[in-house]
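There are 2 protein chains.
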Amino acid sequence: MTFDDALARARALDDGDALAGLRGRFVLPEDLVYLDGNSLGVVADGVRDAVVAAVEDEWGTGLIRSWNDAGWITLSARCGDAVAQLVGAPPGSITVGDSTSIHLFNLMVAGLRLLPDRSVLVTDRANFPTDLYLAQSVARLCDVELVLLDPGDADALSAACDDRLALVSLSHVDYRTGVLHDMTGVTEQVHDAGGVMLWDLAHSAGVVPVDLLGCDVDLAVGCTYKYLNGGPGAPAYGFVHPRWQDQLDTPLTGWLGHASPFALDGVYRPAEGVGRLRIGSPPIVSMSALHAALQVYAEVDVAMVRAKSLSLTDLFIALVEEHLAGTGVEVVAPREHTRRGSQVCLRLAEAYGFVQALIARGVIGDFREPDLARFGFAPLYVRHVDVVAAVAAMAEVLAQGEHVLPRHRQRAAVT
Amino acid sequence: MTFDDALARARALDDGDALAGLRGRFVLPEDLVYLDGNSLGVVADGVRDAVVAAVEDEWGTGLIRSWNDAGWITLSARCGDAVAQLVGAPPGSITVGDSTSIHLFNLMVAGLRLLPDRSVLVTDRANFPTDLYLAQSVARLCDVELVLLDPGDADALSAACDDRLALVSLSHVDYRTGVLHDMTGVTEQVHDAGGVMLWDLAHSAGVVPVDLLGCDVDLAVGCTYKYLNGGPGAPAYGFVHPRWQDQLDTPLTGWLGHASPFALDGVYRPAEGVGRLRIGSPPIVSMSALHAALQVYAEVDVAMVRAKSLSLTDLFIALVEEHLAGTGVEVVAPREHTRRGSQVCLRLAEAYGFVQALIARGVIGDFREPDLARFGFAPLYVRHVDVVAAVAAMAEVLAQGEHVLPRHRQRAAVT
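First to last, the sequence lines map onto chains A and B. Heads up: the first sequence at position 299 corresponds to 299 in the working numbering, and the numbers run straight through without jumps. Heads up: the second sequence at position 404 corresponds to 819 in the working numbering, and the numbers run straight through without jumps.
These aren't lab readings, by the way, just hints derived from the structure by calculation. Small disclaimer: the values here were computed from a predicted structure and weren't measured. Every residue gets a Cβ at the ideal spot worked out from N, C-alpha and C, and that includes glycine. Do not rely on the hints blindly, as some may be mistaken.
As the list claims (entries may be wrong) - Pairwise CB distance ranges, derived in the manner of DEER restraints:
(1) B:L820 / A:E299: 41 to 47 angstroms
(2) A:T338 / B:L628: 56 to 62 angstroms
(3) A:A53 / B:T489: 25 to 31 angstroms
(4) B:A574 / A:R140: 28 to 34 angstroms
Only chain A is shown next, with the shape it has when bound in the complex (with noise of 0.2 angstroms):
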């Protein structure tokens, strides 16, 4: 297929997706395509808008008051339920607030002492460096065993299920290789076993269909600046699983968990439920954005959203395989649908010169350490011409030899 035949094929792609008309609700540069949604989202329309908002009226005039007035003092529950009808959980089970890592770390903590007879905990040792290096961190402090599993080996997790597993903290999409796990059946395992499980959700949460309730997972955190378009640094979440909140005994005790935050009391109590996640004040002027964010996902269904972004890899894959055929680039991704997640990685030695050439072509992706060029799909704003688009600018970089570069610029990539 040339690539005139996939643009062709592209645009009718293009024309009969449900979801189009939602790329008009994002801001975007013009001639570029980005395809580091997975990394940092675009600014949803209404975001704008919504922070002046916050710096003019509620915070320049409404001052202190708008803690109340303005319902500062339940953002965190609002961001909380809007991301919760994405991630199959229930209203109330999730808080907004602070880091992807603070909640992992809040979460590992309550989670091994939701278990106190048992010593170990488990995760993977290609899971996203914070995951791990709190994981380090927690079993240090609590005085369990850290178990890392290695992702190749399909036996490891089953070997750690004995008596002594007390938390399992795995990411449900692999920051590299773009594997999505099997919640239902690792949770239903780890659950066999006894153990508690929790997930992070960062690189599924809105372009993968999750079911934490459904698949009756304990713990998940998961960040918002990825898929769900929060802004850069946008506060994270923590979900609770309803049978534990009410027990779930937290080391992160700021006082907005209080039961009752304003009566200063001198010991801490905690906050029915889920409340009991939030720490200190959050950051409002950035939650703002988040929330409008969250307005675009109440209209869309995440199952057209996964079915366009396998549409949308598949093609990024054919294309790759097709076109890039001979110049030594490996497609790094599953093939099954089942366990792809929403980005494709290419494998290459020049992998970080690769994506600065695509940078000043204006394809953006991202690099990862040593030799990957990962590209994210984000269905709610990417079309089928950005992949031709995409992958015809591939086939020249590779053809001029542009990703031939000398590695002495700054590597800007953030997750």
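Given chain A's structure and the hints, the job is docking chain B onto it.
Same frame as chain A, now just chain B:
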């Protein structure tokens, strides 16, 4: 002195105020006397434009590239350096991000780890709740004894200063009584006992001269949404004395605190210096507001701010004592300048109704359980004439009985 005479005197003081011009740098609602800058500061000029630029240009157009191109990646350090010059800290000793609660947790655990052979954590029973709650949590996690000082007992700290003492965590200014602690003397006393000292600067930074290096302080935290005008829930900061920076062993090992975040190593290796206080991605839009707000302070001498603060609180106390005499209202604030922060509380049984009635009259303070009406004086924008107007309103409220209200409305104030 009649209110008319007081007003004339206040006008004279304002005319001679070298900081008077700064008031024009802030957005202040008309006809409002805002004495709650110790809870939430006001919008500085430049803040709105900075936030719009962060959303429209940096995020909207720059997208992921802005981590480098717009300097997002260094924003925590740049805001940290701006705060550092207000609190006598050297450049590179403060990191901004997360909340005060998170910095407290991180630095209390790390502080205890500096002296692993010691086993006592000390704080003040009257400390702000989040400081207390996190001290309780840290003592439990680290298996050390928590000693709560009685603020009325001048010898309590001496009694705790033995060879078991590891860490003392205190607030520089008490959030209720406005008492300014003796940073030099207390830090020296703790050091003499071989302990580590952590100060919470939430209610002093920006209005009281703080000399962290001169006082040889080990660790400090503070919030930026009070006198520093960073905005609701703006990110907080952590300070580490240079002597500890490269051995500080923090529990919140987020990926951005890694020596080489983008290497995506599997094992945590802390960044040099205070960079290890970074955890997850910070909320850039909120931090952009803070960065702009801190520009006002770049031109300000905190000693002048302090002089004006004392002039404002002196006037307030004098007018309250004269005009509210016989109403049962008691001034809660040290009379000695050396022991007074930048706030004054009034104690009365109907404090909640008193604050509500004042708000209805356009004078904003806040209520603190159980019987305190709290008024903060932010000298960058509060004038002496505002003090007169506030006390005149108080006299009216009490004379009219407006403070005797049904106590059914939700309590709104946030420290």
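Consistency of the hints with the structure:
1. B:L820 / A:E299: 41 to 47 angstroms: holds (43 angstroms)
2. A:T338 / B:L628: 56 to 62 angstroms: Between T338 (chain A) and L628 (chain B), where Cβ atoms are some 58 angstroms apart, the hint holds.
3. A:A53 / B:T489: 25 to 31 angstroms: About 29 angstroms separates the Cβ atoms of A53 (chain A) and T489 (chain B), which means 25 to 31 angstroms holds.
4. B:A574 / A:R140: 28 to 34 angstroms: holds (32 angstroms)
Checked against the numbered hints listed earlier, the structure breaks none of them; every hint is satisfied.
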